[in-house]
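Protein chains in written order, with the working numbering: chain A, 4 to 938; chain B, 3 to 316; chain C, 7 to 214.
It is worth saying that the hints were derived from the structure and are not from the lab.
All of these numbers come straight from a predicted model, not from anything done at the bench.
Glycine residues also receive a C-beta, built at the ideal position from the N, C-alpha and C atoms.
Hints should not be assumed to be uniformly reliable.
[Unchecked claim] Here are the computed distance ranges between Cβ atoms for each label pair: (1) C/Ala141 <-> A/Lys807: 39 to 47 Å; (2) C/Val24 <-> B/Leu138: 23 to 31 Å; (3) C/Val24 <-> B/Ser257: 18 to 26 Å; (4) B/Asp260 <-> C/Pro177: 22 to 30 Å; (5) A/Lys807 <-> B/Tyr273: 52 to 60 Å; (6) B/Tyr273 <-> C/Val83: 54 to 62 Å; (7) A/Thr804 <-> C/Ala141: 19 to 27 Å; (8) C/Ala161 <-> B/Tyr266: 15 to 23 Å.
[What the hints assert, rightly or not] With a Cα cut of at most 27 Å, we get these calculated DSSO-like pairs of lysine-lysine: (9) B/Lys253 <-> A/Lys241; (10) C/Lys8 <-> A/Lys165; (11) B/Lys11 <-> A/Lys832; (12) B/Lys253 <-> A/Lys437.
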Amino acid sequence: MKICIKLFFLLTILSLSFSGNLIAKLLPNDEPVTELKAEDVPNDDGGGLIISWKPLHKDKKIIEYRIYRGVTPDTLFYIGKIPVNVKTGVIGDTMRFTDQSWVLFVDATSPAELRREKGQRKGEIGYDVLYRKVPRDMKVYGPLLKEYRILCVIPLKQYLYKTKMKEFTEIDTTKEGKVDTTSTTLAGLKLRQFKYLLTKQIIGKNYYYAVQAVNLNRRTSPLSEIVAGVTTNDPPEKLKEFYAVAYLDTEEMRFEWSLPTFAEDQKQFNIYLYDENGEKHRIFTRADAYPYTPQTNAIVTFDSIKVRFPEFNSTNMKWYRFNIGEQDRANQETLAKDEPIPAEIVENSMDVLPPVPQYFTVEDNPNDKGDQIKIFFDKPYFGISKLTYNNDFTKLFVSYFIRDNELFKVYRITIQINGTKQTEYVLDDKAKFKVDWDYQEPMTISATFQCRNKAKRLYKDVTLPEDYSVSHTFYYDEERSLVELVPTESKNYSFQIYKHNKSSDVYRFPKLLSYMEREYLDRIRYEEVEFRGNPKYCLDDNRLYVSTYLSIENWEEQEPYYTMAIYLEQLEKMNKEMKDEIDKLQKELEETSDKDKVDSLKTLIKNYTNLIEDKPPIVELANEQTTNRDRMKILDKRHCESKRTFKYFIRKTDGKGHFVDTKVYTKKDGDQYFFPQSNWFNKNEIITLIAVLIFGALVYFMIRAAKKGKKLYIRPIAGIQEIDTAIGRATEMGRPILFVPGISGIRDVATLAGLAILAKVAKKAAEYDTKILVPIRDYIVLPIAQEIVKEAHYEAGRPDTYDKNSVFFISIEQFAFVSGVNGIMIREKTATNFYMGMFYAESLLLTETGSMTGAIQIAGTDAITQLPFFITTCDYTLMGEELYAASAYLSKQPLILGTLKAQDYVKLLIVIAVVFGTLLSTIHLTFFMNWFPTK
Amino acid sequence: MKFSESIQKLDRRYIYIVVALAVIIPLIFPLGLKTYLTTPVEDLYKHIDEIAGRDDMAILIDFAQSPSTMPELYPMDIAILRHCFQRRIKVFTIAYFPQGAAIVEMALAEVKEDFPEIKQDVDYCNFGYKSGYMFLPIVLGMGDDIAKAVETNSEGNMLENLPIMEKIKNYDNIQVIIEITGSTPGISYITYARGRFGVDVAVGVTAVSAADVYPYLQTGQLIGSLGGLKGAAEYEELVQTFAMQNLDYSKKNASDVDWREKQYSLSSVPYKYKKARVGMDTQAVVHVLIILFIVIGNIGYFIEKRTEKHKYVK
Amino acid sequence: MKRTIPLLIVMTLGFLFVAHVFIPSKISQDFFDWFLKWTKVIGPFAVVLGVMSLVMVHSTKIRRKAHNWGYSIVALVALALTTATGFIWGIQEGTPYMWIFRNFNVPLGATMFSLLAFYIASAAYKAFRARSVEATVLLIAAIIVMLGRVSIGHAISHWIPDITEWILNVPNLAAKRGITLGVGLGMTATSLKIILGIERTYLGGGKD
């Protein structure tokens with residue numbers, strides 16, 4: 004009866020709260036979004052529209068705005084949403100959604116067929132118009148392909164090995180009625196073979212947009228007005244910075260500019276010279292490196308200016324003016340400066356240019372997956388990260404940092420402050436000084452370095468000059484009571500790393516390093532995808548078709564790089580066609596006598612022959628293969644290699660036209676290119692390997708000794724010895740035992756250790772015929788624990804007493820699990836509680852409840868933060884490794900005892916290493932410490 | 003004898019009631035205990051305050067928080083935002099967790115109520131939620147160009163079109179990055195933003211993680227830190243005594259508790275701006291209470307032990 | 007056979023993953039990533055087991071009209087209701103599922119968590135006794151740390167916060183590291199025992 008009342012009470016609360024939810028559901032959402040606009044994104048390539056609208060009032064409890072797009076106003080597809088915080092609403096007056104750059108077109112989350120958007124009622128405007136994402140049905144998305152610019156991202160392996168060749172023939176009828184057929188061979192892929200299909204708007208085309216708001220109860224508002232937007236290809240934006248410097252002694256000009264924000268549409272940068280009469284001459288062009296970052300500076304020699312502007316005379320430099328224009332693919336150009344700027348004239352370049360970074364080196368990074376190239380340069384740097392001092396400026400605490408590289412690995416520095424010298428061993432990056440600083444005077448802190456050459460293989464006899472030092476000057480700002488650093492010039496310079504691969508013709512700019520950096524790991528990703536534009540579709544075989552040409556490598560004969568068809572069949576057909584063409588031309592040549600025609604025919608024949616015969620050697624080798632798969636393997640390899648092989652140089656610049664370059668790094672054999680090598684052994688882990696081997700060997704010997712009957716002593720652990728007593732107590736009292744094997748998953752070793760103990764406890768409990776309850780939080784642990792308890796009952800010879808429901812799942816939710824377990828403790832009045840495994844914040848909640856019910860509690864965990872809670876509230880606690888040792892203690896098997904003993908010996912070794920290392924580093928011998936990898 | 007036994011066997015429920023009262027009473031009637039300042043908090047305050055009124059410098063706050071850590075971290079958010087709005091310091095906010103993004107908006111809305119003249123995208127800019135996968139590209143990208151790395155603010159506007167970005171380009175214009183977090187504090191920012199670009203980093207962390215921060219503070223890799231509710235309380239105090247009086251920070255005044263007390267009266271401060279200090283009152287009372295419990299428990303224990311001893315003597 | 011095959015799988019994969027630590031090559035990394043993807047598949051299958059167990063335990067209780075069987079009804083109704091709402095309306099913001107999560111799960115969890123403050127107080131009262139010299143040292147350290155974390159500590163003496171820092175950074179950290187070392191070794195040993203097939207309780211029942 005009592006239960007029924009409780010139940011009634013609970014259910015009433017539940018139903019009441021739900022009705023509350025239902026009432027809230029009636030919260031109307033009857034106001035459409037207003038002031039919807041679709042405007043062009045300024046300065047872009049014409050691929051972007053900004054959709055803006057006025058957000059609905061906070062009281063409407065809107066949780067998201069959904070945006071729909073279509074090429075006609077009667078079919079709009081969902082393209083995205085903007086979530087809104089219900090509590091705060093939207094702070095601003097307008098909301099914007101930028102439909103720009105490449106967005107997903109059709110993907111795995113798209114519906115399989117055309118689906119109307121939910122929430123629309125018949126008769127509303129939205130009902131016939133709104134659809135969910137563009138579906139995966141080719142009948143729908145196929146015709147849409149031509150309405151957008153499409154970019155296909157295809158996994159490389161799919162593209163090279165899993166496509167279907169097909170020929171498309173297009174018939175054009177020209178004005179004169181002549182029928183022209185062009186046939187193209189394309190590679191076909193199923194939709195699922197693509198990684199992504201991305202879209203962008205076509206310039207000058209109308210797109211339609213609508214927005215709908217969704218409120219807290221997921222009710223949709225009436226559809227907004229449907230608006231049209233047209234993208235225009237804007238002229239490029241103005242570059243923010245541009246500098247021109249003329250170096251008279253080296254007879255060259257150096258230009259530097261900032262990068263534009265929109266890079267996709269760039270074609271080139273043009274530098275102009277305006278002569279005395281204000282006439283404009285283009286003196287330099289830098290091609291863009293899209294999709295990579297292009298160079299932001301250029302060296303233009305006077306000679307090369309003379310080629311384009313023959314009247315150029317460097318003595319007139321002060322009359323000349325300069326400007327830079329950014330030009331896009333539609334050949335629109337924007338100049339950076341409204342008024343051209345004069346050049347800074349430098350008589351002697353040595354006066355303004357920084358020294359060239361020395362010892363610039365490129366190397367394959369060892370011990371990696373094969374995706375990194377190591378770059379290092381210059382001498383070490385010493386920086387100060389923090390300076391603290393006492394009130395009378397007699398004590399100074401300097402926190403410093405070192406930036407070094409393999410060539411000059413700093414192991415000791417000497418810091419000098421106002422005549423006080425101190426040697427530092429670069430262990431903790433801190434130094435304490437007793438100085439006498441008259442705080443009205445500036446103070447200089449300088450450091451000299453002692454280094455080890457770890458790059459002897461490259462620089463045999465290079466050592467750091469003894470007088471090389473880095474210094475910083477500080478002054479005390481009395482007014483603000485702050486110590487300030489006097490800025491130095493070196494701070495203005497940064498390092499630009501430039502690289503160039505074997506399948507493009509421009510340098511790209513992967514990284515800007517600050518003035519203090521001395522090394523850099525350049526990450527070179529594995530080639531995994533290919534990009535192809537504008538696919539054709541074929542409804543018969545449900546495939547999308549893309550171009551079949553694959554870039555192979557840089558090759559002088561065919562600028563900028565050599566491409567190859569991926570089908571041998573296609574290649575043979577093309578060759579045959581060309582041969583036929585040559586034969587035809589030959590015939591024509593024999594018949595004609597007109598000299599001009601002979602010449603043009605001869606060139607044509609030569610061109611065709613070249614096309615057939617001239618190939619990079621690797622392509623020739625590939626074409627000799629009998630199967631297309633073998634052929635593709637060779638081309639695939641070379642394609643990836645040439646894209647991932649780089650040469651490097653460094654430019655040190657202040658961003659204002661004062662820069663110097665290192666030479667492109669060249670290996671001893673003259674080769675400049677680097678290809679990252681995949682390594683088979685990580686030498687940094689050698690100490691770990693040794694430790695593992697020692698441990699393994701010790702385990703082996705100890706087990707052997709134990710098997711032979713040698714008595715192995717192991718320290719008694721109170722908690723483990725008491726397990727039997729605790730089980731006995733439960734038996735005496737006739738109450739159940741509770742065993743919690745942690746709240747972590749099976750991947751946690753602590754859980755495994757807990758389960759091993761469970762096996763022993765369950766067996767004992769079965770022998771005494773005491774009920775054991777095992778609540779579980781992780782469902783993967785559940786079947787394992789069930790098996791273990793079942794097995795324990797079988798082993799104890801009491802299979803009849805095993806109740807499957809004694810090992811049960813409660814909840815994956817941390818605190819729900821705790822309240823479940825606590826409820827069991829209180830209701831079942833468990834006599835003994837075991838907590839073995841991984842625990843988090845819930846530990847005290849469990850054990851304190853246990854101690855309230857008066858149970859004997861034994862805990863074991865390796866969670867250090869929870870140990871204090873267990874120790875204070877449990878009768879016995881297994882700390883850390885004791886948890887792992889427990890099953891060995893309980894089983895007393897020689898195998899398990901052996902590992903335990905081995906563990907003790909390894910621990911001894913570690914303690915010896917720690918003591919030894921501490922002693923050595925105290926007397927500043929750090930070699931031992933440095934053997935160990937730090938992770 | 004009876005007394006000691008009753009101490010030893012005291013029903014837990016009495017303890018619970020006392021603790022409940024100790025939590026609730028100071029929340030309702032703040033005690034106004036003095037706030038003592040610590041260097042990491044002062045350092046951070048000073049560092050932020052240095053760019054007061056400048057339009058070419060800003061601070062960036064990463065809200066790596068979830069509702070579960072709000073009691074400790076939210077007062078920090080409020081205090082720092084209030085400092086910035088009052089002293090005209092430009093603020094950027096970003097979140098790499100969806101929950102963090104919600105907290106940013108809440109905090110901004112709450113503080114903005116008192117500063118009607120502060121304009122979105124002019125005085126502050128919320129970058130909004132960015133996917134966790136974008137963390138590294140954004141942190142590294144900001145070294146070159148913030149507008150390009152972050153792309154849009156929380157409402158989808160392109161950053162480079164916003165007035166706030168006019169004089170702010172990259173990390174050179176960022177005075178400090180503050181990560182307010184419930185988990186590993188600041189390591190990624192130290193490694194990538196500070197390591198590569200030398201930008202200053204500070205953190206706001208829960209009290210549990212406060213100890214993890216010390217090694218970084220010692221080396222100067224972190225220029226300051228707010229640890230738990232206490233850190234938040236200290237920051238609130240600094241904002242109250244300096245920023246709200248439109249005073250520059252001064253070490254001398256900061257260390258003078260009496261001077262600070264004269265600057266304002268706690269009762270006139272809106273609750274949202276003294277949350278941490280009030281919370282600290284509670285914390286102090288509960289700590290003292292627990293110490294008292296321990297002491298009383300031990301007295302009982304000793305009395306009992308003594309009487310047991312006497313038994314044997316007899 | 008029933009045990010040999012699983013043991014062989016464990017051994018082979020165990021050694022492969024140990025080798026993975028030392029082999030940085032692309033093949034090894036790709037294998038590792040590929041394998042991790044597969045392990046994710048196991049989870050969803052195990053959910054079924056968990057839910058089944060929950061239903062079985064509680065339905066048995068209801069059938070037998072065991073003590074407090076009413077709670078079992080609540081548990082089962084809650085399970086069915088939450089699952090149903092999730093399946094019918096989805097789990098996004100604004101759905102009944104989210105509403106249940108917000109209004110039941112979160113506050114209930116928070117309530118359980120905040121009980122911690124009370125339990126700490128009572129545990130401190132009941133358990134902290136100066137029984138021995140070590141216990142006394144622990145007690146004094148605890149009091150200093152507690153004082154050092156609030157303003158009262160500073161008010162008593164500025165040394166208290168300093169000592170607090172020292173206690174946390176030196177003795178506390180030393181002990182923590184000691185335990186961590188032991189834990190690391192214990193974990194390695196347990197893993198080794200599993201890989202070598204010495205420890206096989208996790209395999210559960212069935213003879214060779």
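Right, here's what the structure says about each hint:
| no. | hint | in the structure |
| --- | --- | --- |
| 1 | C/Ala141 <-> A/Lys807: 39 to 47 Å | holds, 44 Å |
| 2 | C/Val24 <-> B/Leu138: 23 to 31 Å | holds, 29 Å |
| 3 | C/Val24 <-> B/Ser257: 18 to 26 Å | violated, 56 Å |
| 4 | B/Asp260 <-> C/Pro177: 22 to 30 Å | violated, 36 Å |
| 5 | A/Lys807 <-> B/Tyr273: 52 to 60 Å | holds, 55 Å |
| 6 | B/Tyr273 <-> C/Val83: 54 to 62 Å | violated, 40 Å |
| 7 | A/Thr804 <-> C/Ala141: 19 to 27 Å | violated, 42 Å |
| 8 | C/Ala161 <-> B/Tyr266: 15 to 23 Å | holds, 20 Å |
| 9 | B/Lys253 <-> A/Lys241 | violated, 46 Å |
| 10 | C/Lys8 <-> A/Lys165 | violated, 40 Å |
| 11 | B/Lys11 <-> A/Lys832 | holds, 20 Å |
| 12 | B/Lys253 <-> A/Lys437 | holds, 23 Å |
Hints 3, 4, 6, 7, 9 and 10 from the list above are not met by this structure, while the remaining hints are.
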